[in-house]
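Visitor: Now for the letters of each chain:
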Amino acid sequence: MSLTIPTVNLAAIGPELALTVGALILLLLSLGRYRRSTGLLLAVALGSLAVAFALVIAAWKAPVEAFAGSVALDRFAVGFSLAILSAATLTVLLSLNELERSYLLLADYYGLVLFATVGMLFLASATSLVMVFVGLETLSISLYVLAGQRRTQASSLEAALKYFLLGAFATGFFLYGVALIYGATGTLQLREIGTYVGTHGIFGSPLFAFGVLLLLIGFGFKIAVVPFHMWTPDVYQGAPTPVSGFMAAGSKAAAFAALVRIVFVAVGPTVVNWTALLWVLAVLTMFVGNVLAVVQDNVKRMLAYSSIAHAGYILVAIVAANDLTNSSVIFYVLTYTFMNVGAFGVLSALASRDKEALDVHELSGVGYQKPLLGLAMAIFMFSLAGVPPTAGFMAKFYVFSAAVKAGYIWLAILGVVAAMISVYYYLRVVVYLYMREPDGETTAWPRLVPAVGVALGVAVLAILGMGVWPGSVMGMLRQAAALL
Amino acid sequence: MLLLVLADNYLLMFVGWEGVGLCSYLLIGFWYEDHYNAYAGRKAFVVNRIGDYGFSLGMLLLFAVYGTLKYDVIFSQAAHGVGVWALGAVTLLLFVGATGKSAQIPLYVWLPDAMAGPTPVSALIHAATMVTAGVYMVVRSHVLYLLAPDTMLVVASIGVFTAIFAASIALVNNDIKRVLAYSTISQLGYMFVGAGVGAFAAGIFHLMTHAFFKALLFLGAGSVMHALSGETDMRKMGGLKDKLPVTYWTFLMATLAISGVPLFSGFFSKDEILWQAFISPHGSFWIWLIGVIAAGFTAFYMFRLVYLTFHGKSRVPPELAHHVHESPPVMTIPLSILAVLAVVGGYVGVPKVLGGGQHFERFLEPVFARNAEELIGHLPHHSASLELTVMLISVIVAFTGIGIAYLFYMKRPDLPVALAARFRGIYTLLLNKYYVDEIYNALIVQPIFHLSNSFLWKVFDVKIVDGLVNGVAALVERTAQRLRRTETGLVQNYALGFLVGVVLIVGYYLVK
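Protein chains in written order, with our numbering: chain G, 1 to 484; chain V, 1001 to 1512.
Chain G extracted, bound-state conformation (with noise of 0.2 Å):
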């Protein structure tokens, strides 16, 4: 057995360093009489954060492959770095709220979130079956303690707790996959898996589509599939509200890069057999997520199930396979983050220490008692909903238009479908913002903190800018996908 000295290539884990980097100053600085110095720990996130910017900005143009072929930070990866790190910087700045700064020690919390995007950005970026596990259980544990962060309401350790036991059972799935397509082929990358593929086809041995089918059901989880989905409401509701944006779009961003780099790097073109699949579970996806949405009060609820029937979504562009899903997805997951983040971030924003206003008849009138929050909100809301001419609309266009193209008529027509049926459920909290009357005394909202107020307004800005001009961010988000 000969041993050979991985290549070592920092550039290539970059980011990530960063990040950590900034992530353990912050442990540091817990410890010290500057954890309650908001500006000098909001400086080292947001530093270590930008930091990371460019350097994923850098490998556009120098994509980089290192460690043995287990990290490649290629174009592919790129595109879903930044929507990660979009998320993460929302976050960052959306967790300054009145509510959030009166339970969140700041320090550890932005240390974890940091160490949640240092996972988000190694499954964006590897290649290799250990790699991606490594990468996902980063994240999840740094979520479970995240979610769990409001440590005095039971809902929130509720939370934490659900979802670090079903997340436990989900990566049990993951690696009984990950041992079974080792026992099969004998190597954990996934050009290599791709060989054998392509030599053995995926149904060459029982073993090794079995194992694939268990990596996919530990995925399922992590994006939150029907039917492992269930844990998803709970979480969302009980978790902080900024925490529950950024699961929803950080993870699930992080979550389908490796899953279309699986897909096709690994399983490779013969995913035909398994289209059957993911094409029901789109369907079924979809369709629950969007029903049962309709009957949510709470607006977090709502937003936990929306955000479902939007994996649903993404997964039609997966079953399309062809030319145009990576760049559908990775547009998605972009628009996703900035619509989503930054809906949980009004709702964040609307919540003070005696109340927060969760449940959708207490957002009445809120459109003319904050006319600009009610505005992000309805512009959210529309672009959640594919109103034109937002990025929402744009995102679910391409997603339906890969489908089209390769043939699953059908598909789309149920995609169109379970979107309309969304339309009542996002439009209902417009409603609720200009056209109900307050009931009751009238809510001192509090006053809206600066930082949120840019994030919200960068989120707001996004996703006009991406719907009105996709053109430039879709030519873009093509060549990434040339290059997979």
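If you are wondering where the hints come from, they were derived from the structure by calculation, not from laboratory data. Keep in mind that the hints are not guaranteed to be accurate.
Pulled a few chain G residues facing chain V out of the computed Cβ check, cut under 8 Å [what the hints assert, rightly or not]:
no. : residue
1   : Leu213
2   : Val288
3   : Val294
A virtual CB, placed ideally from N, CA and C, is assigned to each residue, including glycine.
Chain G is fixed; fit chain V onto it per the hints.
Guide: Chain V alone, transformed into the frame defined by chain G:
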């Protein structure tokens, strides 16, 4: 309107066409709180919709045959004999659109009611611009029409019939604006006669002179109404000549022009059309004859209007009489400008036989001559004396009309009353506008209304459309209420659900 005229393809023209239609609808219903005005606006809109439907069908057919809607491509292909078989249908459908927009039989009924709108609106869109869109469209498509001679005959016949039909209604109507409205319909009929007999330049020439004098007439009527606090019934006017001098003199200029009195603009353009109708291979003696009679009617009803409004004894109700006044300069200056144009506007197209240069026809020649030469062939040569004779006849007819009006309304005011009593049937028929509105109402409007009311609304819309929509919503809601029971909040149940999913998926592949 500019979009309509400047477009180089039918689709863009249609956009402009619909644009003016919409503006017309909104302006007619400008005082929408008044039920009648809103009704008039709706009527205009619905009737125009029928015409537009024909237009769009024609357009679709053109696209199906030629694969494009660009004028130059279609015209050059058609001139080379491509798709000529379809042109009969195309031109007829387009002409249906023109009858709607330019108020020709059978779709003219909206224009008299459109007088409910503000008078300047009537002057602008119901005299000069929008209503001429149909004429413009037919003339623009002249290549297609020339290739469909049967349609040409239809256009000319409808045109001349509309001309005399509307003129006859105007003979007895007592509302100053409605007389002008019927007069517009009648004059538009002349323009279609021009287009129908192949005298496209003459049609457009009349369109232009008509724009001057008809806008002037409407604005003059507006000025009269302004003086009389909105009164439009001519029986309550009279003797306004001295109180409204500027209005009177400018109005008289326009009346002379529209009546075809020599040296005024309407004379040149109308006579050009009639002459072409007489000699053109597409025209005929009968078209010319009816046209001439309609011209006599025109002269009569216009001078009847003038005499009733401005001459004779004042019949203005006393409570209005004391504040009858000339309009301010902001109204009289436009009147004066238009009066000058109404007089001299015709001199750009003085026919050769009177020593003129026919500048207007020369101006349009690049558009028409190129195709006309090869499609109609050379016009038969005719003698100058014939042209002069024909001209003389129409002048005599015009003066006869004026003379009768003078006799009836200045010398012997008892005569029209006696005549009306004598020919009671005809008089009532004319006064009630041939009962066309009532016939349309009974034959078309009521059946459709009842169908909509009893079936389309109460059954189809409420039960089927709404039922479907509400049913889907209820289905989603019920499904959701059932499904949400799966969310028990218990981790054990969630894990079980997870496991069931795994078993199903793996099991399916194992069995397969």
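Visitor: Hint by hint, note whether the structure agrees.
Guide: Hints, one by one, checked against the model:
1. Leu213: Since the shortest Cβ distance to chain V is 6 Å, the answer is holds.
2. Val288: Status holds, d = 7 Å.
3. Val294: Holds, about 5 Å.
Violated hints are absent here; each numbered hint is respected by the structure.
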